[in-house]
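Visitor: Each chain, written out:
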Amino acid sequence: MRMQTPDEALAIAAATGDRDAFAALLSRHYDRIHGLCFRLTGSRTEAEDLAQDICLALPAKLGSFRQEARFTTWLYRVTVNAAHDRRRRVATQRKAADGWGDWELNRRAGIAEEAEAQDWLNATMARLAPELRDTVALTLGEELSQKDAAEILGLSEGTVAWRMSEVKKRLREMARAEGML
Amino acid sequence: MNDELDKLRAGLKANPAPDPAAKAEALRLAMENFDRVQETATKTRPSQDRPERAGRLTGVRDMLMNLTTRGTLAATGSLAALGIGVMIWQGPEGQRSLPPPQAPTAQEAATESETRLRQADSKEELNDAATTAEADSMAAMAPEPMIVAEEPSIALAAPAASSDASAKQAKGGVQLSGYAEIGIAASDAPIARLPDLDTEAYSNEDANPVKIVAEDPVSTFSIDTDTASYSVIRSSLTNGQLPPKEAVRIEEMVNYFPYDYAAPDAGEAPFRASVSLFQTPWNENTQLLRIGIQGELPATDDRPPLNLVFLIDTSGSMDDPKKLPLLKQSFGLMLGQLRPGDRVAIVTYAGSAGLVLEPTEASDRAAILSALDRLGAGGSTAGADGLQLAYRTAEGMGGDGHVSRILLATDGDFNVGIHDPEALKDFIAEKRDTGIYLSVLSFGRGNLDDATMQALAQNGNGTAAYIDTLSEAQKVLVDQLSGALFPIADDVKIQIEFNPAAVAEYRLIGYETRALAREDFNNDKVDAGEIGAGHQVTALYEVTPVGPPARLSDPLRYAEPTLAGNVAELGFLKLRYKKPGEDTSTLIETPIPAAPGEADTDARFAAAIAGMGQLLSEPKYLGHWGWDEAIRLATDARGKDPFGYRAEAVQLMRLSQSLSR
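Chains as they are written, first to last, in numbering that gives the first Met the number 0: chain A, 0 to 180; chain B, 0 to 660.
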């Protein structure tokens, strides 16, 4: 069954021109791409745009997929890189405009409790440096191991571990500032 | 404390679900791009060589994916299998019998494809998904017409009957694939996500007019060492088409060929200008004035070390055998010419810019080659980002006495990421002052943006070359590497003041895009062309001596000035140049003797090429002189021609002659 074909086989087939394989691969992973995009950008519209960019680039990018890599790892890397590029572009165009910072403007009236939780999340994410945010998105959001996250970010495992301890430190500082500790 | 982390984790886990519409749109566009990538991958092959399997099957699949309702989907699937798929759109009965087309929604298409996938894969082994998928999806089409036969809205009989003749022809696999290709073409038409495949833009001006010396005795222009125009013309002609007139820049054609000019003496100016005057081949009453400039060739052993940044366009349009693969081979060839001490970095740009290879010693060929090898084409093009990163990288490479140069390799697809071409030019002009040179190598046809390339190279103190074959890469990047990479004189300008007593009229052949205002000659702020080590530049003027019948304009009855002066001098040649990195120019002056001499081989060949350029663009000054004469002249003037460049030019003239009949 195609539905059970491993990602890697589908990716190789798609790279050699198998349209169905590509369609299957994409519909299988769109939500994953979108999810990480959201975690990386903190904005729904940004995430949709970014996910679309990635989908558009995938047909051509698939050529660089190597069989020895896990497809999801590869896809995460593509996504993170695309998010970085987008961030860089935005940063050069108008400094410091950031999805997480814009959140307040886009906030929709929702269930009060959920909104509050989101606010906390956004406030927290907005105060983390971008590289910490990426690390958090992968390790906490995507529940990847530090090893996998390191591979995707092109860093050593030690750096990811250090970043996570840095995140904990920041979180503690924030909590203290808010009088929660 | 861990509470905080858990809270963050929980917050991040609670992701909003993706918007179904956005998802569908993204998936649809991705599939379009997928088709486009597949399409460009196969497009360049001649149709006979096209692998039938891929062509036929992707075509059928394309049709399926682009049709809407289940009914039409299955119907056309079966019709395509019979080889009369196209007729259903053409026959009036067929149109009436079809349900009105609906806008496809990606979800429907996705459901369809999943259904087919499931059918297709029921027998499939997992390990050879790639190969069997095609055959399986073909097999899956067979049962579908039977399902659809029950649906009332489809009238299969009408198109089948109306297309008897074509059904007869269309039995074999060849016809089948032919129709399938039509299916591809039709399905591609409404997609406009990527830039169109044939958008070429050329930079050229109208041919220089004849000037009357009494009114306008001074001619000023910047030298041009580019050769791109000749290769573009060659690529057009060998594809069986006359080049667009705008693609013809005569000076670049003439400068393509090596000539045997005297080298400058040691301790003098870095280049030497030699002047000769001879009979014009196409007009017995005029003369050609040739100015040949030979750049010194510094001993290559003690050349300064190089910092090279390859700025490589890896956008989707580069995915073509004549583009990225040729580029990789070309740079591979060039690596052999580099030596220890040189350093290479690779920056790519496609949608986003990235440093693919950190500055690496040229001796580490394995690292450089493997970095080149890993490049793959994909994404749109953001030329400006890439340029900025390349300049930053080149600045970072530094090194005392190093010559830094960016080699921009692209197919000219510069249309994403630059909102203001002027701003880009300004950026390059500003970077020019940092001493980093920019050369442009263009590859492939289709969206060759000759105008932007020219502008970039001219503003970036560099040369533009067009690489269409590996032997062109050999010429530009290996044989003439030192010239391409080591400038010996910047901002070289030429000014000639003609002597009205000796010359009635003159016309500069070519250099239309390089014209300078008379007063800019002495203005060191005005940018002009560069000469690289060993470069040669040739400029040709057609001059009409005072008095003869060839003069195109009548003398003025009332205001003709009385002429006086030394008739032994045709004019006065002035050259200005700056040593690389300096701000003030040096002036070289020399009088031009008015006595014509015998044309040497090089002069005759240059004249033949100038004639070829005019025949391809604006032949109005050539009279009855045509291809036969040009071919004869060039054939006689081939000289030694060790690499066969001139022989190739004669071939191209013969091709042009046949094509222009």
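What the hints contain is simulated information worked out from the structure, not anything from laboratory work. The structure displayed is predicted, hence computed values, not measured ones. Heads up, a few of these hints could be off.
[Said to hold, decoys possible] Label-pair ranges, simulated between beta-carbon atoms:
| no. | chain 1 | residue 1 | chain 2 | residue 2 | range |
| --- | --- | --- | --- | --- | --- |
| 1 | B | A514 | A | R69 | 46 to 52 Å |
| 2 | B | L241 | A | R69 | 50 to 56 Å |
| 3 | A | A176 | B | D432 | 45 to 51 Å |
| 4 | A | E142 | B | E429 | 21 to 27 Å |
| 5 | B | L241 | A | S155 | 55 to 61 Å |
| 6 | B | Q328 | A | R171 | 29 to 35 Å |
[What the hints assert, rightly or not] Here are the computed lysine to any residue pairs in the SDA-like style, where the Cα-Cα straight-line distance is at most 20 Å:
| no. | chain 1 | residue 1 | chain 2 | residue 2 |
| --- | --- | --- | --- | --- |
| 7 | B | K6 | A | A125 |
| 8 | B | K6 | A | G62 |
| 9 | A | K167 | B | K327 |
| 10 | A | K168 | B | E3 |
| 11 | B | K6 | A | S63 |
| 12 | B | K6 | A | H28 |
| 13 | B | K6 | A | A176 |
| 14 | A | K168 | B | L4 |
| 15 | A | K167 | B | D5 |
| 16 | B | K327 | A | S63 |
| 17 | B | K12 | A | D147 |
| 18 | B | K12 | A | H28 |
| 19 | A | K168 | B | G10 |
| 20 | B | K6 | A | M173 |
| 21 | B | K12 | A | R31 |
| 22 | B | K12 | A | E142 |
| 23 | B | K6 | A | L131 |
| 24 | B | K321 | A | G62 |
| 25 | A | K168 | B | R8 |
| 26 | B | K12 | A | A125 |
| 27 | B | K12 | A | A122 |
| 28 | B | K6 | A | N121 |
| 29 | B | K6 | A | R171 |
Don't be surprised by glycine CBs; every beta carbon is placed ideally from N, CA and C.
Visitor: Is 55 to 61 Å a correct range for the gap between the Cβ atoms of L241/B and S155/A?
Guide: holds, 59 Å
Visitor: Are the Cα atoms of K168/A and L4/B separated by 20 Å or less?
Guide: Judged against 20 Å, a Cα distance of about 10 Å means the pair holds.
Visitor: Take the C-alpha atoms of K6/B and A125/A, compute the straight-line distance between them, and say whether it is at most 20 Å.
Guide: holds, 15 Å
Visitor: For the pair we were handed, K168/A and G10/B, check the Cα-Cα distance against 20 Å.
Guide: Holds - the C-alpha atoms of G10/B and K168/A are around 18 Å apart, at most 20 Å.
Visitor: Between K12/B and E142/A, does the CA-CA distance stay at or below 20 Å?
Guide: Holds, at about 9 Å.
Visitor: Against the 20 Å threshold, does the CA-CA distance of K168/A and E3/B hold or violate the hint?
Guide: holds, 10 Å
Visitor: Taking the CB of A514/B and the CB of R69/A, does the distance hold inside 46 to 52 Å?
Guide: violated, 60 Å
Visitor: Would the pair K6/B and R171/A pass a check requiring their Cα atoms to be no farther apart than 20 Å?
Guide: The hint holds at about 12 Å.
Visitor: Assuming the hint says 45 to 51 Å, is it satisfied by the Cβ distance from A176/A to D432/B or not?
Guide: holds, 48 Å
Visitor: CB of E142/A to CB of E429/B, is that within 21 to 27 Å?
Guide: violated, 48 Å
Visitor: Take the C-alpha atoms of K12/B and A125/A, compute the straight-line distance between them, and say whether it is at most 20 Å.
Guide: Distance of about 17 Å is within 20 Å: holds.
Visitor: Compare the distance between the alpha carbons of K6/B and A176/A with 20 Å, and conclude whether the hinted pair is satisfied.
Guide: Within the cut-off at roughly 17 Å; holds.
Violation of the numbered hints given earlier is confined to hints 1, 4, 6, 8, 9, 11 and 12; the remaining hints are satisfied by the structure.
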